[in-house]
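S.K.: Residue numbering for the sequence shown follows UniProt numbering, beginning at 1 and increasing consecutively.
Note that these hints are calculated values from the structure, not bench results. A portion of the hints provided could be inaccurate.
For lysine-lysine, the following DSS-like pairs were computed, each having C-alpha atoms within a straight-line distance of at most 25 Å [unchecked claim]:
1) Lys284 <-> Lys129
2) Lys129 <-> Lys69
3) Lys322 <-> Lys309
4) Lys189 <-> Lys129
5) Lys477 <-> Lys386
6) Lys360 <-> Lys309
7) Lys344 <-> Lys322
8) Lys199 <-> Lys69
9) Lys471 <-> Lys425
10) Lys283 <-> Lys425
11) Lys199 <-> Lys309
12) Lys458 <-> Lys471
13) Lys306 <-> Lys344
14) Lys477 <-> Lys458
15) Lys283 <-> Lys249
16) Lys284 <-> Lys306
17) Lys304 <-> Lys344
18) Lys344 <-> Lys458
19) Lys386 <-> Lys360
20) Lys386 <-> Lys344
21) Lys69 <-> Lys201
22) Lys283 <-> Lys309
Here the structure is a predicted model, which is why all the values come from computation and not from measurement.
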Amino acid sequence: MGKKFLRFEFLLLIAVFTIATCGLVYELVAGTLASYLLGDSVKQFSLIIGVYLFSMGIGSYFSKFITKKLLDTFVEIEILVGLVGGLSSVVLFLLFESVDYFQFILYLLVFTTGCLVGLEIPLLMNILKDRVAFRDLVSNVFTFDYIGALLASILFPLVLVPQLGVMRTSLFFGMINIGIAIGLCFLLKKELNRPFVLKTKAIASFLFLLLVFIFSEAILSFSEGKLYGENIVYTSSTPYQRIVLTHNKSDYRLYLNNNLQFSSADEYRYHEALVHPVMAAAKKVDHVLVLGGGDGLAVREILKYKEVKSITLVDLDEGMTKLFQTNTILTGFNQNSLTDSKVKVINQDAYIWAKNCPQKFDVAIIDFPDPSNYSLGKLYSLNFYKSLETILTPEAFVVVQTTSPYFAPKSFWCINKTIHEIFPKVDAYHAYVPSFGEWGYTIATLNPQATFATVNRKVEGLRFYNYQFDKFNFFSKDMVSNNVEINRLDNQILVRYFDEEWGKL
Numbered sequence: 001m002g003k004k005f006l007r008f009e010f011l012l013l014i015a016v017f018t019i020a021t022c023g024l025v026y027e028l029v030a031g032t033l034a035s036y037l038l039g040d041s042v043k044q045f046s047l048i049i050g051v052y053l054f055s056m057g058i059g060s061y062f063s064k065f066i067t068k069k070l071l072d073t074f075v076e077i078e079i080l081v082g083l084v085g086g087l088s089s090v091v092l093f094l095l096f097e098s099v100d101y102f103q104f105i106l107y108l109l110v111f112t113t114g115c116l117v118g119l120e121i122p123l124l125m126n127i128l129k130d131r132v133a134f135r136d137l138v139s140n141v142f143t144f145d146y147i148g149a150l151l152a153s154i155l156f157p158l159v160l161v162p163q164l165g166v167m168r169t170s171l172f173f174g175m176i177n178i179g180i181a182i183g184l185c186f187l188l189k190k191e192l193n194r195p196f197v198l199k200t201k202a203i204a205s206f207l208f209l210l211l212v213f214i215f216s217e218a219i220l221s222f223s224e225g226k227l228y229g230e231n232i233v234y235t236s237s238t239p240y241q242r243i244v245l246t247h248n249k250s251d252y253r254l255y256l257n258n259n260l261q262f263s264s265a266d267e268y269r270y271h272e273a274l275v276h277p278v279m280a281a282a283k284k285v286d287h288v289l290v291l292g293g294g295d296g297l298a299v300r301e302i303l304k305y306k307e308v309k310s311i312t313l314v315d316l317d318e319g320m321t322k323l324f325q326t327n328t329i330l331t332g333f334n335q336n337s338l339t340d341s342k343v344k345v346i347n348q349d350a351y352i353w354a355k356n357c358p359q360k361f362d363v364a365i366i367d368f369p370d371p372s373n374y375s376l377g378k379l380y381s382l383n384f385y386k387s388l389e390t391i392l393t394p395e396a397f398v399v400v401q402t403t404s405p406y407f408a409p410k411s412f413w414c415i416n417k418t419i420h421e422i423f424p425k426v427d428a429y430h431a432y433v434p435s436f437g438e439w440g441y442t443i444a445t446l447n448p449q450a451t452f453a454t455v456n457r458k459v460e461g462l463r464f465y466n467y468q469f470d471k472f473n474f475f476s477k478d479m480v481s482n483n484v485e486i487n488r489l490d491n492q493i494l495v496r497y498f499d500e501e502w503g504k505l
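Throw the hints in and build the complete structure from the sequences for me.
M.R.: This is the structure in C-alpha cells:
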C-alpha cells in the first residue's frame, strides 16, 4: 500500500511540476507577444505578471468550493491549462489586427490561465491530505512547483524562443500539459470516476494542438501578413527579438519586434546623415567604434573612407549580425560590410562592454534602438556616456541617433542634454527620412575648440548628405523642448518621455 501511495503522490507531483513550468511559459509567451505587438516591454511584463499572480490567488480561493471528484477535476485542469495556454499565442497573433479590444483578450487569457494554475496546488493538497503527512506534502508540492518555474524561466529565453519561436513554444507546452493528463488517465484509471471520458477529452485535445502545431508556420505567416500588410520573405526569432523582412515591389523593410528598423527605399538618408557629419568633422578616423547597428549599414558608410584602419561593431544580438553577414538580400544592402577584414564584430551588451574595453577610438557612432524600455534606456544614460568617454581619444567625435525631434521632442532633447553633461561641445541636427519622418541626431566631441561644420575629409557618390552641416541643424519651434531632465540610470526619465510621446501615436 505504501508503494501505491508513493507512486500516486509522485505522479501528481510531476503533474504539479508540469503545470508550474507550463503556466510560467504561457505568461512569458503573453509578455513577449505583448512587447512585440504593443511595445513598452517593461510595462507589459509588469502588468501580465501582476494579473497572473492575482488570478492564481483567485483560483486558489475558488478551489475550496470543489469538494467532489477531486482527481477527475485535477486531470481536467491539466487539459484546460494545456488548451488555453497552448492556444493563447495563436489567438493573440490572429486577433491583433482584427479587434479593437486586443488587450482585453490578452489579459483575459492571462487571467484564465492563472486561475486554472491557481487551482492546482490546493486541489492537490486536498487529494493527498489523507495519504501523505502534511509536513511532507507541503514541502514536496512547493518544491516541485518552484523548480518547475525556475526551469521555465531558464529554458524560455535560451532554448525555446530561439529554437521554436513564440507560437510553437506555447503549443509545445500545451501538448506537454495534456500529455501529462493522458498519462494520469492511464496510470491512475482505477482512482478516476470517468477514466474513459477523460481519456477521450485529453487525446482529442492533444491531437488538436498537434494539428495546430504542424500548421503553426502557415498560421504565423498568415497573421504576420495581416500585421505588416506586405509580402514576408524572411522571419526569425532570436533570444532578444523577432526579425521580419518584408518585400513590396522594389522596397524591402526590416522589422524588429514589430518596429520598422529600415526601408531599403530610403535607409541611405538615415545612414548617410548618421555617419558622414561625424566622419567629416573628426580630426582622425583611424579607429571607429559602432555601437548597435547590427545591420551593417552604418559600417557600409564608414568603409567608404580609406583612412579607416579598423571598425569595431558591438551589437548584443548575434542572430542579427549573423543574419546580415549571410543573407544574400541583406548583404546586398550592406555590401558585405560585416565580413570586411577591417571589421570586428562583438556580440555583447554595450553597457558592460564599454566599462571593460581597453582600446581607444577616434570616432564613436551610436545606433541603438529607440529607448522604448529600461534595458535600452540605460544605453542613453549619464552612466553610459561616462563609460564611453573613457574609451575615446582626447579629440574624439561621437554621434548618437536621438529619435525624432518632431514626434518626440522631449526625448530628443533629454538625450542631447544628458550627453552635454559629459562632452564639452554638443550640437544637434536632423534629416527627413520618408519612412520615419523627421529624424534626429546628437553630435559631440571632447575637444571644446573643434567645430562640427569642419570638413576634414569627404567621399564622393553620396545620395543625400552634402557635407553642409549648417543646413541640417536648424530646429523649428515645434521641434524644441527646453524643460527636460537628464537621463540618469536610477530615474530613466527618458523611457517615460519616450512612452508618453510615442504612445500618442
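S.K.: The structure should be examined with respect to each hint, and the outcome stated for every one.
M.R.: Now the hints, each set against the structure:
{"no.": "1", "hint": "Lys284 <-> Lys129", "result": "violated (76 Å)"}
{"no.": "2", "hint": "Lys129 <-> Lys69", "result": "holds (15 Å)"}
{"no.": "3", "hint": "Lys322 <-> Lys309", "result": "holds (23 Å)"}
{"no.": "4", "hint": "Lys189 <-> Lys129", "result": "holds (20 Å)"}
{"no.": "5", "hint": "Lys477 <-> Lys386", "result": "violated (31 Å)"}
{"no.": "6", "hint": "Lys360 <-> Lys309", "result": "holds (13 Å)"}
{"no.": "7", "hint": "Lys344 <-> Lys322", "result": "holds (13 Å)"}
{"no.": "8", "hint": "Lys199 <-> Lys69", "result": "holds (16 Å)"}
{"no.": "9", "hint": "Lys471 <-> Lys425", "result": "holds (19 Å)"}
{"no.": "10", "hint": "Lys283 <-> Lys425", "result": "holds (15 Å)"}
{"no.": "11", "hint": "Lys199 <-> Lys309", "result": "violated (68 Å)"}
{"no.": "12", "hint": "Lys458 <-> Lys471", "result": "holds (17 Å)"}
{"no.": "13", "hint": "Lys306 <-> Lys344", "result": "holds (17 Å)"}
{"no.": "14", "hint": "Lys477 <-> Lys458", "result": "violated (32 Å)"}
{"no.": "15", "hint": "Lys283 <-> Lys249", "result": "violated (42 Å)"}
{"no.": "16", "hint": "Lys284 <-> Lys306", "result": "holds (12 Å)"}
{"no.": "17", "hint": "Lys304 <-> Lys344", "result": "holds (17 Å)"}
{"no.": "18", "hint": "Lys344 <-> Lys458", "result": "holds (24 Å)"}
{"no.": "19", "hint": "Lys386 <-> Lys360", "result": "holds (14 Å)"}
{"no.": "20", "hint": "Lys386 <-> Lys344", "result": "holds (23 Å)"}
{"no.": "21", "hint": "Lys69 <-> Lys201", "result": "holds (16 Å)"}
{"no.": "22", "hint": "Lys283 <-> Lys309", "result": "holds (14 Å)"}
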